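**Q** Make the full structure from the sequences, and use the hints.
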Amino acid sequence: MLKVSKHRSLVGQLLLMTVAMFGFGFLLVPLYDVFCEVTGFGGRTNAVAAAVDEAPDLTREIRIEFLTTVNSYAQFEFVADVDSMTVHPGRMYAATFTAKNLAAGHKIAQAVPSIAPGSAAEYFTKIECFCFTSQEFMANEERTMPLQFIVSPELPDYVDTITLQYTFFDTAPVAANVEN
Amino acid sequence: MNTAAHDSHDHDDHGPVKGIRRWLFSTNHKDIGTMYLIFSLTMFFIGGLMAMVIRSELAIPGLQFVHPEFFNQMTTMHALIMVFGAVMPAFVGLANWMIPLMIGAPDMALPRMNNWSFWILPVAFSILLSTLLMPGGSPAGGWTMYPPLVLQTGNAFPFLIFSVHLMGLSSIMGAINIIVTVINMRAPDMSLLKMPMFVWTWLITAYLLIAVMPVLAGAVTMLLTDQFFGTSFFLAAGGGDPVMFQHIFWFFGHPEVYIMILPAFGVVSEIIPTFARKKLFGHDSMVYAASCIAFLSFIVWAHHMFTVGMPLTGQLFFMFATMLIAVPTGVKIFNWVATMWRGSMTFETPMLFSLAFVFLFTIGGFSGLMLAVAPADVQYHDTYFVVAHFHYVLVPGSVFAIMAGAYYWLPKWTGHMYNETLGKVHFWASAIFVNVTFFPMHFLGLAGMPRRIPDYSTQFADFNTIASIGAIGFGLSQLLFVWVLLTSRKGAKATDRVWEGSHGLEWTVPSPAPYHTFATPPKARIANEAFE
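Just so you know, the sequences run in chain order A and B.
Each residue of the first sequence is one higher than the one before, starting from 1 at the first, in our numbering.
Each residue of the second sequence is one higher than the one before, starting from 1 at the first, in our numbering.
Everything labelled a hint here was simulated from the structure, so no lab data went into it.
Small disclaimer: the values here were computed from a predicted structure and weren't measured.
Ideal placement from N, C-alpha and C gives every residue a C-beta, glycine not left out.
Please note that the accuracy of each hint is not assured.
Claimed, not checked - In silico lysine-lysine, DSSO-like type, Cα no more than 30 Å apart, as pairs:
1) A:K6 to B:K194
2) B:K18 to B:K490
3) A:K6 to B:K493
4) B:K278 to B:K493
As the list claims (entries may be wrong) - Between beta-carbon pairs, the in silico distance windows are:
5) A:S134 to B:I453: 32 to 40 Å
6) A:T86 to B:I60: 36 to 44 Å
7) B:G314 to A:D157: 22 to 30 Å
**A** Encoded structure:
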């Protein structure tokens, strides 16, 4: 009554489609990253050190604001040593941040940066940043961490303030932190 | 039926085996359809009980009956059970019962897989419901499972993920079965464009299921590995991004809402022509409209997340793409109205539910358009306005269509007419209470009441009380439906055609439909001409 062979190729195609769409779900991950990095959407900045030539534009002044947040599961104190600074595009500047491990144990932390407005992200380049690698802290250790950055002279005219925000995370799994 | 062909199949023509084995090992599309429908009704009542807990707690301001943590578990579980346990299996059940009968096939193409895809469901939902008894309770982070919140679920977390995997597996197998049946097993003279609308909308839905259920499976797998295997897909500390989950989830989630509504369009497109005693107006344009909706559903997902931060161009794109969906949907609404235009209408229960569907679904569609306006959505986002919107499209939308379909085909399933008076009482009670429940939620949302909260400011008190009264009324009205079902064999014997204006192959077989039908492929055109 039922001709199984007639169904086999169609079922095969449909199964293939299922597997392909499962793969596509995972493909969205690198696609999303590429999309964000190319466009700067979401305020992403460079995640590795970049080399840039200095060509200061002394006619323009940009206000850089530093914001710090500590993830609710990270037992840290984390502050910017200066709240804000005024910079010229094309000149390199340095700032420092201080973090303290409040836990009685050894911790590995990671700072995750974000730029606002998002459209300024591609013009804000970090030459050196404590966020490039994870940071190890002994129990109760306090440490000052460096940031070097440069704002590109090609920054659009309408931007006069850039906010650089860091969130400080404990890299141990969330589950482990919840139980603590 | 052709007796000569029937005789030659005598050795095949046996009734069902007796007892539990009939149901456990069944490969018969009618048995499996029945099981899907009963399963879905059970889940509808379990999810409904959770809704009663939610509405009781919200009836007056303050915390009275349940702890906030349990309240959150109720909202999460209510949604998961209603979406994956009640609405989706109900449509799969209708598809199992009716698609082979409508296209003149003897059974589903892959009957043993059919058995498997059903029996996975009770397992999946036992796993999900068992979390209610666990220390820490069931998932409470919302059915959308957004990280990082969902990663704090506790013991229930892997059970949630595994049950979602199983539901996906069941849906995908069901979808493959339906596509193969529709493509390969139609009556020889039934071309694709001659197929009934219910079959068409299910064919499109099945493709949607195959396209997006694996994406959901992928997303929840990433949650699982983030939690237990040290990956950082969504953990910012490890370079991931929680917002990415929302993109992947809604890439599944938006087509999912059409998976829940397209078969409803199909059911209503069968019923309105029957009781208007006219052919469906614009059959082919309905097919193109449904395909259009299915295509557009893949490019509008970010309208669920306007407030997470998105560039202006993105907001504009998703806003306009979303509004575009109103065009094919409008085509369908106008076609239903045109079908009724100058028809000689009667108002039996299935028709009443279908008419309420057209009217009330349109209200849900309009509030959807309001939510699609990106700047306005910032105000509406995560308020009761959203709750009102999706309940309008899901309850008087999908659920009413399922009810309509159940009343419409019940005489074909049981061989007896159900109690029409009780059916009408059930309809009017449902239609009134559904509006009493959900209409005030529009006002609450516009006034700023956030969703997913167990307590609220006193300014929202009165509308919440009205909504709670409506909800309890709606819940009790559904007991009438069970009563109608239980007494459905007591009514008068149904004719083969059942309804005066019905068309299609399913009405050429006796009522109740014999255990095996269409062992020999029928002539669809001749069968339909007999009804003219």
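**Q** For each hint, tell me whether it holds in the structure or not.
**A** Against the structure, the hints:
Between K6 of chain A and K194 of chain B the alpha-carbon distance is near 22 Å, which keeps this suggested pair within the 30 Å criterion. Between K18 of chain B and K490 of chain B the CA atoms are separated by roughly 23 Å; this keeps the pair inside 30 Å, and the hint holds. Distance check on the hinted pair: K6 of chain A and K493 of chain B sit about 39 Å apart at the alpha-carbon level, beyond 30 Å; violated. At roughly 25 Å between alpha-carbon atoms, K278 of chain B and K493 of chain B fall within 30 Å of each other, so this suggested pair holds.
In this structure the supplied range 32 to 40 Å holds for S134 of chain A paired with I453 of chain B, their Cβ-Cβ distance being about 37 Å. Taken as a hint, the range 36 to 44 Å is violated for the pair T86 of chain A and I60 of chain B, whose Cβ atoms sit roughly 55 Å apart. Taken as a hint, the range 22 to 30 Å holds for the pair G314 of chain B and D157 of chain A, whose Cβ atoms sit roughly 23 Å apart.
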